[in-house]
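Just so you know, the protein sequences line up as chains A and B, in that order. Heads up: the first sequence runs through residues 1 to 192, numbered per full-length UniProt numbering. Heads up: the second sequence runs through residues 1 to 192, numbered per full-length UniProt numbering.
No wet-lab data here; the hints were simulated from the structure. Heads up, some of the hints might be wrong.
No copy is singled out in the list; a pair is fine if it fits within one copy or between any two copies.
Once the Cα atoms are required to be at most 27 Å apart in a straight line, the calculated DSSO-like pairs of lysine-lysine come out as [what the hints assert, rightly or not]:
{"hint": "1", "residue 1": "Lys170", "residue 2": "Lys41"}
{"hint": "2", "residue 1": "Lys159", "residue 2": "Lys36"}
{"hint": "3", "residue 1": "Lys12", "residue 2": "Lys118"}
{"hint": "4", "residue 1": "Lys31", "residue 2": "Lys121"}
Protein chains: 2
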Amino acid sequence: MIDNAILKNVAKHISLDQDETAYFLSILKQKKYPKKSNILKEGEICHTINFVQSGTLRAFYRDTEGKESTIMFAISDWWITDMSCFISQQPAMLNIETIEESTIFHLQKEDLDELYIKIPKFERFFRVIMQNAYIREQLRVIQNLSLSAEQRYHIFLNKYPQVAQQVTQKQIASYLGITPEFLSMIRSNKNK
Amino acid sequence: MIDNAILKNVAKHISLDQDETAYFLSILKQKKYPKKSNILKEGEICHTINFVQSGTLRAFYRDTEGKESTIMFAISDWWITDMSCFISQQPAMLNIETIEESTIFHLQKEDLDELYIKIPKFERFFRVIMQNAYIREQLRVIQNLSLSAEQRYHIFLNKYPQVAQQVTQKQIASYLGITPEFLSMIRSNKNK
DNA sequence: GCAATTTCTTAAACTACATTATTTTTTTAG
DNA sequence: CTAAAAAAATAATGTAGTTTAAGAAATTGC
Chain A
1 MIDNAILKNV
11 AKHISLDQDE
21 TAYFLSILKQ
31 KKYPKKSNIL
41 KEGEICHTIN
51 FVQSGTLRAF
61 YRDTEGKEST
71 IMFAISDWWI
81 TDMSCFISQQ
91 PAMLNIETIE
101 ESTIFHLQKE
111 DLDELYIKIP
121 KFERFFRVIM
131 QNAYIREQLR
141 VIQNLSLSAE
151 QRYHIFLNKY
161 PQVAQQVTQK
171 QIASYLGITP
181 EFLSMIRSNK
191 NK
Chain B
1 MIDNAILKNV
11 AKHISLDQDE
21 TAYFLSILKQ
31 KKYPKKSNIL
41 KEGEICHTIN
51 FVQSGTLRAF
61 YRDTEGKEST
71 IMFAISDWWI
81 TDMSCFISQQ
91 PAMLNIETIE
101 ESTIFHLQKE
111 DLDELYIKIP
121 KFERFFRVIM
131 QNAYIREQLR
141 VIQNLSLSAE
151 QRYHIFLNKY
161 PQVAQQVTQK
171 QIASYLGITP
181 EFLSMIRSNK
191 NK
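The task is simple: from the sequences and hints, build the whole structure.
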């Protein structure tokens, strides 16, 4: 089955029988994107929650002066969307783009709402996904408040080594909340 | 019924019949705490998720040099815990204390795990709670990365006006990730 | 109700990080 | 394969926020 990765991901938290599996697969839309594709642009309505089958994605906020802040990177086996705007169906704050050629499973808002009703186990599944996402973001808040840029950089390298090799330093800097120039300085200090 | 607030809170997202309501209430432990009580200390196992019936609480991280970072405030109708440590049952990173006399409903980890099985609707309830918590924390990350301390302060005042009046400026500063001295400066500039 | 403690303010000196500018290196497109 | 564009490095100058210190105001504990 080509859908292996997403079924394994779901199986981490709930188990589905054959019919449930078939139904779940039936509402997913698999799509392949070249490098630098836009999955979501700010201002658009965010229709889908997205599972990364393969590739690398980046979600970022662009402020009024054009400065970008990277909110998250997503690699294989991660879910990514602009959750706030997906849930409220208000215009997106975030942009989501592929950093490399990527294969994505899309799950539409209406299909997810129906999925919760037809297969309530998915409430559990997404409860765990949301819980983990909350814990991750809260840890990031703690680190942003209490650590220096250099400490945050080393934590990032340890936590997401594969991501660190696939993205530019400019993008890492925008994830850490510093300028590329300052990241460059941190890196050159370190190598001494 | 004295438990009104928590039942109303649950009713925002799911509806319970009489038996379900009775069972849910039976696993809650209501407790009243004076001002400045410790609900959770770093290093302890976090046994409960907590609903604030009345009062004000603060969750904060204390780093190795003793510097505090306020992670969240909770007032009436909010849920608060060290989610990471509650879920994993590892020693807590956070401290949680009452800022005022507060009445709390405690829900034990084992009781919650059983509640999910006995009344699966609660998966939906906490899915929504976690989803909202995730969205809130992500917004905070965006704001910490892209806004100045002064902008964050004004957003805080607008978003949590009741909290702003109940807590000290030192605590607000530690929520914003700045020193009390700098907050004082921001405030005196503003009043011109 | 008063002494002790904590909080808040102000201000000068300092630092982590930003900005601007220039050069070098790497990546991309055709 | 080459030209153009983007990313990265280096360095000088600038600034948002910190540190330290000291006095004034508010809160707390007995």
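Comparing the hints with the structure gives:
For the identical chains of this complex, Lys170 and Lys41 are intra-copy neighbours only, at 20 Å inside a copy versus 39 Å across copies, given an alpha-carbon limit of 27 Å. In the homo-oligomer, the alpha carbons of Lys159 and Lys36 lie at most 27 Å apart inside one protomer (24 Å), although the nearest pairing across protomers, at 36 Å, exceeds that limit. For the homomeric pair Lys12 and Lys118, the shortest alpha-carbon distances inside one copy (20 Å) and between copies (21 Å) are both at most 27 Å. Taking CA atoms no more than 27 Å apart as the test, Lys31 paired with Lys121 passes inside one copy only; the shortest distance there is 26 Å, against 33 Å between copies.
The structure shown violates none of the earlier numbered hints.
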